[in-house]
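One-letter residues, chain by chain:
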Amino acid sequence: MLKDNLTKALAPLNLEKVAAGDYAKTGYHLEVAAQPAQMPDVAQAMLAADCFLESFTAVDLGESFDLVYHFASFDELCRSAVHVPLGKKKGMPTISHLYPGADWYEREVFDLFGIHFFNHPNLKRLLLPEDADFHPLLKDFGASQGND
Amino acid sequence: METKTGEPLIHLGVLEEALNLARANSLWPLTFGLACCAIEMMAAGAARFDLDRFGAGVFRPSPRQCDLMIVAGTISKKMAPAVVRLYEQMPAPKWVMAMGNCAISGGPFYYPGQYAIVPGADLIIPVDVYVPGCPPRPETLIEGILLLEEKITKRGRLRKFRDAKG
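Chains C and R are the protein sequences, given in the same order.
Numbering-wise, my numbering puts 114 at position 111 of the first sequence, and it's gapless, one number per residue.
Numbering-wise, my numbering puts 143 at position 78 of the second sequence, and it's gapless, one number per residue.
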């Protein structure tokens, strides 16, 4: 079972949480919590288990961020959610050297939240004009703070 | 960056009318679908609502070969310079149709203080015909093309829609 293989592969990393998720309720078989520095190792374990990166986004919780990575597999129905708490004004290591698909995801998170990714090959804005000076999905960016 | 389409250098008189008739009945649109309106534009160009019977079914991907730019969709602030550039690359005489509410005035995505879109194509390029709808039905797009034909030829259509009551 891929879930058990993943749990075994993630065990030596000493992650905060590697738990079975309630698939019927949340849609995820595996719920993982990791620290930012451990994320490349988690991604390496996912890659070794033939999982692909489904999506990646961030949530602004006010005092900190919660980065959410979703992995899944084509061979077997096993969806994993990895949550990474990140402080404000902190950066995050990139996983784009392992998952090239994360390149644009990380650019989007940088564009909308301002989270910096270390060693990213091309960390430019993706959706907003490149000379924009704001990050719109932060909680303290008001709805009427745009230029219009 | 104003494109001046003022008086032509050579007045061709009656020949101009024939030329305008030719231009109106063979509008070559630029495939410029930006968002959902593009799907309705494709539907208008496809078999059921056929734009080809009006001579306007030849969608060209290059602005150099077009006379009509159909701005079909929301113009994000990042896309706006590209819209202007493509408009400038079209050779005169050229016309622009703002298709859908987003191209007319920002559509459902406009709210005071928004940061993402240009609320209307006519803020960046001169627009000749506005086709409202979200999205406009293919028949509405065809009506927009016919209105543009009337604007180009400066005369009414040969067959106007007659009221059912006569």
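Keep in mind the hints are simulated off the structure, nothing from the lab.
One or more hints might be untrue.
Mimicking DSS-like on lysine-lysine, the simulated pairs with C-alpha atoms at most 25 Å apart in a straight line are [claimed, not checked]:
| no. | chain 1 | residue 1 | chain 2 | residue 2 |
| --- | --- | --- | --- | --- |
| 1 | C | Lys11 | C | Lys28 |
| 2 | C | Lys142 | C | Lys91 |
| 3 | C | Lys142 | R | Lys143 |
| 4 | C | Lys127 | R | Lys219 |
| 5 | C | Lys28 | C | Lys93 |
| 6 | R | Lys142 | C | Lys142 |
| 7 | C | Lys127 | C | Lys93 |
| 8 | C | Lys142 | C | Lys127 |
| 9 | C | Lys20 | C | Lys127 |
| 10 | C | Lys127 | C | Lys92 |
| 11 | C | Lys91 | C | Lys20 |
| 12 | R | Lys143 | C | Lys127 |
Results of checking the hints against the structure:
1. C:Lys11 to C:Lys28: holds (24 Å)
2. C:Lys142 to C:Lys91: Status holds; Cα separation ~12 Å.
3. C:Lys142 to R:Lys143: Given pair lysine 142 (chain C), lysine 143 (chain R) holds - Cα atoms ~23 Å apart, limit 25 Å.
4. C:Lys127 to R:Lys219: violated (49 Å)
5. C:Lys28 to C:Lys93: violated (32 Å)
6. R:Lys142 to C:Lys142: holds (22 Å)
7. C:Lys127 to C:Lys93: Given that 25 Å is the threshold and the Cα spacing comes to 17 Å, the pair holds.
8. C:Lys142 to C:Lys127: holds (21 Å)
9. C:Lys20 to C:Lys127: violated (32 Å)
10. C:Lys127 to C:Lys92: The given pair, whose Cα atoms are some 17 Å apart, holds under the 25 Å limit.
11. C:Lys91 to C:Lys20: Status holds; Cα separation ~22 Å.
12. R:Lys143 to C:Lys127: holds (13 Å)
Against the hints set out earlier in the document, violations occur for numbers 4, 5 and 9.
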